[in-house]
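Residues per chain, in single letters:
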Amino acid sequence: MSEHHQEHHILSIKTAGTVLGLLLALTALTVAVSRIDLGFMNVAVALTLATTKSLLVITYFMHMKYESRFFRIIVFICFLILAVFIGMTFFDVAYRHGG
Amino acid sequence: MSEIHKDYTGAKLGMWLFLFTEVLLFGGLFVLYSTYLYKYPQDFHTGGKQLDVFIGTLNTVVLLLSSFFVALGITYIQRGEKKLAIRYTLLTIIMAFGFLINKSIEWSAKFHHGIYPNSEHLLEMPHGEQIFFGLYFVMTGLHGIHVIIGAVVMGVMVWLMKKDNINKDDFVKLENAGLYWHLVDLIWIFLFPLFYLVL
Amino acid sequence: MENSVIDAVSKVDTAFQFIFGVSFVILFLITAVTIYFLFRYSSKRNPEPADIDGNLTAEIIWTVVPIIIVGAMFWYGWTGFKALREAPADSYNVKVTARMWSWKFEYPNGKTSDKLYVPVETPVKLDMTSVDVIHSFYVPAFRIKMDTVPGMQTYTWFMSGEPAEYDIQCAEYCGVRHSYMLSKVIVVTKDEFDKWLNGDQQAQAEPEGKALLAKYGCADCHSMDGSVLVGPSLKDIYNRDTVIIENGAEKTVKADEAYLKEAIYDPSTQIVKGYDDMMPPFKDEMPKADLEKIIGYLKGGEKAEKPGERGAKIADNEGCTGCHSTDGSIIVGPSFKGLLDRPVTALHNGKKVELTANIQYIISSIKNPGEYIVEGYDESMPPYDSLSDKDIQALIEYFGTLR
Amino acid sequence: MENTNAVKSFYEDSGSSRTGIMSWLFTTDHKRIGLMYMYVLLAMFVVGVCLGLAIRLELIAPGKTIMEAQTYNAVFTLHGVIMIFIVVIPSIPAAFGNMILPIQLGAEDVSFPRLNLLSWWLYITGTVMALFSLFTGQGAPDTGWTFYVPFSEFTTTNVSVAVIAVFILGFSSILTGINFITTIHRLRAPGITWTKMPLFAWSLYATGWIQVLATPVLGITVLLIFVERVLGVGLFDPNKGGDPILYQHLFWIYSHPAVYIMILPAMGVVSDIIPVFARKNIFGYKTIAVSSLMIAFAGSLVWAHHMFTSGMSDTAVLIFSLLTFVVAIPSAIKVFNWTATLYKGSITLEPPLLYSLGFIFLFSVGGLTGLILGSAGTDIHVHDTYFVVSHFHYVIFGGTGFGLFAAMHYWLPKMYGRMYNKKVAKIAFAVLFVGFNLLYMPLFVIGLQGMPRRYYDYLPQYQTGHMISTFGSWILALGLIIMFVNLYKGYTKGPKIGRNPWGGSTLEWQTMSPPPLLNFDREPDTSRRPYDFKGVTPDE
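Protein chains in written order, with the numbering used here: chain A, 22 to 120; chain B, 502 to 700; chain C, 3 to 405; chain D, 1237 to 1776.
Some hints could be false.
Claimed, not checked - Heads up, incomplete: computed chain D residues facing chain C, CB under 7 Å, no partners named:
1. 1301
2. 1302
3. 1392
4. 1424
5. 1426
6. 1427
7. 1551
8. 1578
9. 1583
10. 1690
11. 1691
12. 1692
13. 1728
14. 1730
No lab work stands behind these hints: they were computed from the structure. All residues carry an ideal CB built from backbone N, CA and C; glycine is no exception.
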């Protein structure tokens, strides 16, 4: 049943370096933006930037770009479930009356 | 037995499934974080201001670099450059220690100010800040434990590479260890803005 | 109002009947069909099985039909729930405080009881909380159940109906005496209820005096619950040590009858420290008879009472007797019988100490039970630091009677 | 019979140099691990049953019967913790999933055999710790298996050890789930396509996903209780700004899907058994397979229906009640499809089928009473009463329990190579079935009358129901004794069987009984669909 494998994709050092550069730049941007008071939007912006960073890590460092579609689907499902857990808890918390 | 079939994709699938459990383990805490942020936005803001943005940013950079080094380590082992692979994996471990030292400086500063779970100073703070610091200690603490585990795993990987158990043709263990390390980084990517930059 | 009210129980019961009815039919059909198949298609009668892999139409039917059925069930259930949640605006409000392991009901006039008294045919809204762990207020007869959560307010409501008694049970597990956390809803006629509400007990002894306080507008500036409005609170004012400013000098006096009369008729001569000279003199407005009544009311608990009677009531209302018996038996904590001046072995900061249960010790055990843990018992009593000194005095007096 | 004696069974060939007990404790063979799971969980099942009988005996009359209130509280807590975390959750997946799944797929073992062994060891560690929590610290845990805060934070009993035990057991369950998903994806033999996979494997696949995605939330929840007790962080403590209701959310985010971890594999067992004894393809294969996934997904969205009286917002009640009814539909479809499978079949009423039909009836009662609990208005009245207790036991004991018994009567002959006495098995079923209904039916009634659960003592109006129920518990216990003794005697002294005693068409019936170390003594024929019985006959 052993399966001699398709060649593995090797992440080039140039790509890895570029991704690192982007991640560092995004970190700087995150810190900079947090200094500006945008009210509620601050959380949204911070989370969007964090999500972008994590997508970079997953896509390149974690090789998701070179995996089969199935892997992408299950990663999506995992985060979807987490979002559902958080979101549905808010049906309670957000609509609770003070007394 | 398991040596008979080397199922590369299977091993990676198993690792990813394990990573999902890690995501959801922290997920439970993110559920708590988001609801408490909704409940006490002002106190979270005040709490966040008491954390050191510089140390937080520094640690983010440290972890990003370490992730980069792991990725390089995997690239080198795939190319058969064992020495470089070991060197970058060791660099990852050094980064992990750097992160932990930074973290411990930060924590001990907090302890010094009388802020630690159940401390008298903390109990006098508004409810929202107590929760903020409660979450801060629990989440960064759990993350710290993962960093320690990750560093140990990387240590084992170095040893296995030296033994030539991990090599050009069989590197799935290093790749899976790398996946774990990236996940630790990934979680920090979210913890950083949620605690140090919260507004 | 009454229609929607009666609906709450009946709407829930309709949902019960509908769901049960449909369920019985489904269960009966499945069972009957299965048994028939077992019989009809047994290998003896039917040696050759047919070749059927499925049937799309059949499957669509038994997907769509259940969707409709459960849709209807959801709707009935939801209407019932809404009726249980929508308390009429004119509801009578009672505050409920749950604690290990008893209920405390507080009525709008401040009176408390350990059983829930309500007038007939009245919607009653209960605003609930808990002081320790989660409990759940459950009256099966009214189909209501709602958790009482520490640090949070919850509510429920019911329509009282005819005079009767109903069981209250705690439905959320709360420790060793969980199954004894029982009480009753007692529905009485409106007259009886008013009599009960304003009868006996504590400071409300003379409603006339209270009415007078309202009539002369005293209550606008002086609270009865200890809070400071404009002037000092009248709660427990009688014989209180009071610092006043007389002719520019501080002086401590006892707020006795003479002082109170003076303070009402000519307030400017003795201003309580920390307050402004704002109160008008009532000398011309208030006849002597009313003054006497008001002062009588302010004296409060001074009427003749059997020794320990008030303490006994407090012990019941505060739930002490849920854990401490009065007859020498052991429930959860030590018995109150013979408690006063009993020698005790207790754990203090992890060390064993011998001491006597004197008044000092009892006060400390009520306010801070963790300090001394009597040998052989668990540290499970919550601190009762909200009890006033007067209440504790009454409790101790009561213990004194339990020899 | 036709066994070629040249090939040794997995009992004789351990695949390692270890011998005796060590060849079991450190085996990576999925069949041995499955059997070891079964032995431990059956032993713990007996412990749990004894605790249950003690509860029933205590409740036969109001007031004290055999134990004090504190003991009673510890007993029902342990009954819950042992039955849920140690018996029912691992029952069918860890025992029969391990034994049967790889064979059904035509694989030699699971994807990660050593992880599988680790999972068993974690299970043992968790079990030992749970028992350890009984005898150490300041008394056995008394919180109920739900560990609700703030009570679980304040009680002086040994909750900390118990929650760590639960954490470890959860980890064990996660590893099993990871192993099964990977095995199903990677190790299906050529020819076993997704649509030719037996429904038991499908149900384990769905279960695996719940184990992976929901169990970690339980892990963090019980860890937080531990942290709260040790450090007093206060995340659930109202005095420190915490919200005790959030604990309930986290707890049920896992513990409701956990019910599907318990029931889905049993549904898989029944889906595998019914066609075999009807000699006919399962009715609507794809619907049943897909409905397992549907249940797994939708089941993850309904957790807060355990919290309608908790003080949660009314909006949440609306949403969660509606979603709860949605989950009812795939379950209903399955029941209809099973019944339809019998239509125009050629039925022989062998013990596995009998237990499966018992499953369908009892699960239907449990499922239908679940509708009362899903409906918001009626739930308020029966929540936290004996109605819930009874509903839950119908689903979990009547469902998973009878599913487990069906699996034992169906597959254990394969694992032991011997047959039990079928007549006695049927008598045992009859006794069990009567005892079960006598035990739990009256509890519905007193629940409707308002008898709250977890009561040591109760008001006199509930006595009749409790008395009948306790009487039923003895009949049920008698049934269990008959069944276990019969199985034990069968598997030690019963007549030897050939490859295919029932005439099954899935791969496990193509190998010898008991199977050899790497599962197949000859290349299995994977061309046949799982429930195609043409040309397949039971051995003599």
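Okay, the hints, checked on the actual structure:
1. For residue 1301 of chain D, the interface hint is violated, the least distance from its beta-carbon to any beta-carbon of chain C being 13 Å, above 7 Å.
2. For residue 1302 of chain D, the interface hint is violated, the least distance from its beta-carbon to any beta-carbon of chain C being 16 Å, above 7 Å.
3. This hint holds: residue 1392 of chain D has a C-beta 5 Å from the nearest C-beta of chain C, less than the 7 Å allowed.
4. The criterion of a C-beta within 7 Å of any C-beta in chain C is not met by residue 1424 of chain D, whose closest approach is roughly 22 Å, and the hint is violated.
5. For residue 1426 of chain D, the interface hint is violated, the least distance from its beta-carbon to any beta-carbon of chain C being 24 Å, above 7 Å.
6. A cut of 7 Å between beta carbons decides the hint on residue 1427 of chain D: the least distance to chain C is about 19 Å, and the hint is violated.
7. Look at residue 1551 of chain D: its Cβ only gets to about 11 Å from chain C, farther than 7 Å, so that hint breaks.
8. This hint holds: residue 1578 of chain D has a C-beta 4 Å from the nearest C-beta of chain C, less than the 7 Å allowed.
9. Proximity of residue 1583 of chain D to chain C holds as hinted, the smallest CB-CB distance being about 5 Å (cut-off 7 Å).
10. For residue 1690 of chain D, the interface hint holds, the least distance from its beta-carbon to any beta-carbon of chain C being 4 Å, beneath 7 Å.
11. With its C-beta approaching chain C no nearer than about 4 Å, residue 1691 of chain D sits inside the 7 Å limit, and its interface hint holds.
12. Given hint, residue 1692 of chain D at the interface with chain C, holds; its Cβ is 5 Å from that chain's nearest Cβ, closer than 7 Å.
13. At its closest, the beta carbon of residue 1728 of chain D sits 30 Å from a beta carbon of chain C; the interface hint therefore is violated under the 7 Å criterion.
14. Annotation: interface hint on residue 1730 of chain D violated; nearest CB of chain C at approximately 23 Å, more than 7 Å.
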